[in-house]
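Undergrad: These are the residues of each chain, in order.
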Amino acid sequence: MSATSIVSLPDQSTATMPKRHYINNEHGLLSWLLTADHKRIAILYLISITFFFFIGGAFAGLIRLELLTPQSDLVAADTYNKFFTMHGIVMIFLFLVPSVPATLGNFLIPIMLGAKDLAFPKINLLSWYLYMIGGTLTLAALVLGGVDTGWTFTTPLSTHYLNTHVVTAATAIFVAGFSSIFTGLNFIVTIHRMRAPGMTWFRMPLFVWSHYAASLLMVLGTPVLAIAIVLVALERLIGIGVFDPTKGGDPLLFQHLFWFYSHPAVYIMILPGMGVISEVISTFSRKRVFGYSAVAFSSVAIALFGFFVWEHHMFIMGVSNYSALVFSLLTMLVAVPSAIKVFNWAFTLQKGSITFETPMLYAFAFIGLFTIGGLTGVFLGALGMDIHLTETYFIVAHFHYVMVGGMLMAFLAGIHFWWPKMTGRMYPESLSKLSAVTSFIGFNLTFMPQFILGYLGMPRRYASYPAEFQVLNVLSTAGATVLGVGFMLPLLYLGWSLKYGAIAGANPWQATGLEWQIQSPPLTENFIETPIMDHEAYDYEWLENKTKHEVTTVG
Amino acid sequence: MGISPVLWQFLTKWMHGSALFPAEASTISPWVDALYFSLLLMTIFGLVVVGVLLTVFAIRYRREKSPVATQIEGSTLLEATWTIIPLAVFLLMFVWGALLYFRIYNPPTNAMNIYVVGKQWMWKAEHPGGQHEINALHVPTGQPVQLTMISQDVFHSFSIPAFRVKREVIPGRYTTVWFNATTPGTYHLFCTQYCGTQHSGMIGEITVLTPEDYKKWLHESTSGMSLAQNGERLFASMGCNQCHSGNAAARGPNLAGVYGSKLTLNDGSKVLVNDAYLRDAILNPSQHVTAGFSPIMPTYQGQISEDGLIDLVEYIKGLQTNYRVQQTLVTASSDEAAPPTPAAGTTTEMVKP
Ligand code: HEM
Ligand SMILES: [Cu+2]
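First to last, the sequence lines map onto chains U and G. With positions in the first sequence counted from 1, the corresponding number in our numbering is that position plus 14. With positions in the second sequence counted from 1, the corresponding number in our numbering is that position plus 20.
It is worth saying that the hints were derived from the structure and are not from the lab. Treat the hints with care, as some may be off.
What the hints assert, rightly or not - Here are a few chain G residues that sit away from chain U, every Cβ distance over 12 Å (derived from the structure): (1) Leu112; (2) Thr129; (3) Ala131; (4) Phe183; (5) Val197; (6) Thr202; (7) Glu232; (8) Tyr234; (9) Lys235; (10) Asn267; (11) Val278; (12) Gly328.
To be verified - With a straight-line cut-off of 30 Å between C-alpha atoms, the simulated BS3-like cross-links for lysine-lysine are: (13) Lys235(G) to Lys139(G); (14) Lys282(G) to Lys261(U); (15) Lys562(U) to Lys365(U); (16) Lys337(G) to Lys365(U); (17) Lys261(U) to Lys337(G); (18) Lys261(U) to Lys290(G); (19) Lys513(U) to Lys130(U).
A virtual CB, placed ideally from N, CA and C, is assigned to each residue, including glycine.
Make a model of the complete structure from these sequences and hints.
TA: Right, here's the structure in full:
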């Protein structure tokens with residue numbers, strides 16, 4: 015392990031907190047609640063999604079606790095069903111979808127492009143309010159007695175057979191969906207229209223490219239989810255019969271509509287994370303990302319192909335064999351750009367000058383876990399294999415490897431990486447390394463046994479299960495405990511660092527992005543004068559020449 | 021498979037002993053397992069490649085060893101390599117998986133049919149001979165068995181891990197799955213599609229018997245009437261025979277021998293008459309009018325249970341002549357059930373619960 019610590023990096027020891035920045039620019043709660051500053055909105059989002067992450071996490075804990083024994087003894091089956099539904103809805107719609115884009119994306123995209131703000135600052139604030147309404151409605155559904163549809167809202171179960179707060183939860187998702195449409199729209203317009211002089215498409219950081227791809231998915235996919243959800247509500251409230259076979263409806267139609275959004279949604283959840291990884295790997299190996307354009311195009315390829323694979327969630331549902339064939343083929347194709355990215359990241363390390371700060375540890379964890387997640391996706395894309403694996407714990411393990419092992423690790427990599435920029439202070443390095451390692455170990459212990467359980471045939475969403483599955487479930491619960499500790503730690507030490515962390519300075523990692531060339535925390539207007547982008551992204555020689563001449567701190 | 025048979029057998033033997041691997045109890049299981057092991061191999065290979073790259077680069081190019089990075093733009097050759105090789109491997113898995121899928125979902129023509137009705141929260145199996153089972157299914161070894169399944173309420177899914185087969189059970193439409201059991205024993209039956217409160221209680225037992233034991237079991241568990249006999253009774257009591265009597269002057273088409281034929285509808289389209297078609301024609305007659313007839317048949321939507329529909333379908337399937345239909349027409353006025361069948365079924369008793 016490297017002995018190079020951040021303290022020895024150039025401007026660290028002499029760094030002082032700038033006098034004026036976006037946090038102390040205005041004071042009072044209202045100055046936050048009515049702000050149109052993308053950075054403040056990012057902070058609002060960060061606080062809210064962290065809150066919901068721990069709500070979702072609490073339900074995960076309860077689920078794992080129940081599954082410690084084969085019987086459904088901790089809670090009744092009904093309650094268990096509400097637990098996993100709440101866990102899924104909160105984690106997917108209120109944490110993973112907004113996680114990186116609404117926090118880091120919001121904060122960084124304008125700065126990375128050399129802009130003062132997003133194209134529509136007020137819509138950005140509106141998006142946060144919609145998110146909060148969605149979140150509040152979700153909590154309302156919970157407090158009023160819960161929902162037990164599962165996050166997938168399968169009809170006709172959700173429309174005709176449950177008497178829980180389905181419409182409330184559906185409304186929550188509908189509203190939260192619009193917050194993500196607005197975020198996507200804002201990003202697309204900003205990336206098209208607000209780039210600084212010289213910032214051509216192929217000089218943009220890959221973080222921006224991957225957000226561009228994810229935004230396309232948000233804008234084009236989310237409305238379909240909204241429609242599906244509205245139809246569920248209408249069918250439930252006035253029995254319109256779109257999905258109900260006894261009224262001539264088609265029960266499979268809901269599956270098509272739902273997955274037409276929810277497959278692209280998995281890429282909404284991973285693409286921004288991939289962007290984080292590109293930045294982190296480049297910075298800590300001090301090298302331009304290998305195959306910049308391959309990585310950029312693979313993001314777009316994932317977004318495009320991502321729209322044409324939804325039926326792989328329905329292979330056993332009596333779809334025609336030939337359409338299954340087409341969707342399986344396309345699923346295999348969509349896995350290729352992911353493989354391309356992994357190899358490009360690996361080769362970015364080659365001939366680099368690598369250090370292993372916390373964000374880099376999370377990035378390594380991401381690559382390993384995402385590789386497992388992606389390759390097990392190939393199991394599920396292979397038609398004959400999917401028959402045995404679908405609807406079992408294998409699926410659960412697969413998507414946790416990509417969403418937790420992938421996206422959550424990327425989120426944590428990004429939070430640690432840009433923490434100095436957002437707050438002006440460093441987090442404690444050794445404690446954060448400990449948490450990265452703890453999470454990695456806990457994660458594998460939690461979800462590796464679930465692959466085995468899945469192949470043994472254990473169905474997902476079971477409150478009770480045959481006794482022979484207990485050993486593996488106990489292992490998984492033990493792992494979840496370790497994982498929980500790994501996730502609690504950052505909350506504590508990041509909170510601590512707000513007051514006691516070392517002053518970061520403008521560019522503690524000696525990274526090349528425009529965001530690192532301004533003070534930390536940034537000014538409300540980001541730049542004093544519009545920057546001119548006269549070099550490629552990840553140009554470390556440019557940075558070296560620049561730092562020889564000046565140290566940029568303003569205020 | 022590309023794996024030597026000896027190694028393969030050793031591997032599966034060892035895996036089966038380890039409790040980390042489900043029993044192989046159908047002809048399809050070894051095929052699924054072979055693909056599974058190949059995919060595992062692919063995963064391990066991919067992980068090793070990525071892991072070695074990361075580790076070697078991380079050690080070789082750490083800051084102490086490599087204080088200054090050498091910038092590299094990229095390499096078209098390398099990009100092509102890691103595009104083409106994964107693509108080739110994934111395509112191989114696609115073809116393999118597709119072949120397996122067609123095998124699992126296309127039943128052989130000599131399969132014996134059993135009906136399954138799913139509802140919150142139980143499975144009901146109906147054998148052609150009239151044997152009913154709840155949350156249980158008895159099948160013989162060495163005989164392809166096809167399940168024709170339907171749900172009475174929400175989506176369910178019929179899964180037998182030891183056979184490596186599974187299929188969604190959907191309201192309003194038949195789905196099928198087939199298997200050929202190889203090893204006598206009892207195996208798990210799970211509902212794998214979340215279906216409400218007692219989802220995890222919607223489980224059962226598959227009992228695989230030798231053909232002799234299966235015969236014995238069939239005999240002991242008979243309910244007296246076959247599905248077709250129940251269907252015949254329904255056909256008369258619901259008045260189907262009034263129009264579908266096969267008489268020249270009848271207002272409905274003749275149903276004898278219609279199963280398996282290609283029918284021309286009055287909009288000119290041609291359809292294959294199978295289970296799904298028959299069920300649908302009873303429930304939504306106006307959408308399936310045989311050419312030359314007027315759309316006068318009433319809908320039976322909501323008036324007949326899925327079990328009743330299965331009885332009717334099974335009856336029409338086996339209907340070869342209209343002789344008995346016309347017989348029942350004569351007796352129907354006296355409001356009596358169908359006359360007893362002399363030969364069919366396993367017993368002549370008429371006790372229908
Ligand atoms: C490398 C590419 C990937 C492939 C080939 C792939 C393939 C698949 C397939 C075929 C399924 C459906 C399995 C079934 O229902 O039987 C599936 C399920 C799923 N995947 Fe992936 N996947 C990939 C990456 C991802 C990523 C990046 C995410 C999220 C960040 C993700 C999240 C999910 C989720 C949430 C489900 C299950 C949804 C549910 O049923 O609740 N996958 N994946
Ligand atoms: Cu998908």
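Undergrad: Which hint numbers doesn't this structure obey?
TA: Hints 1, 4, 5, 16 contradicted; others consistent.
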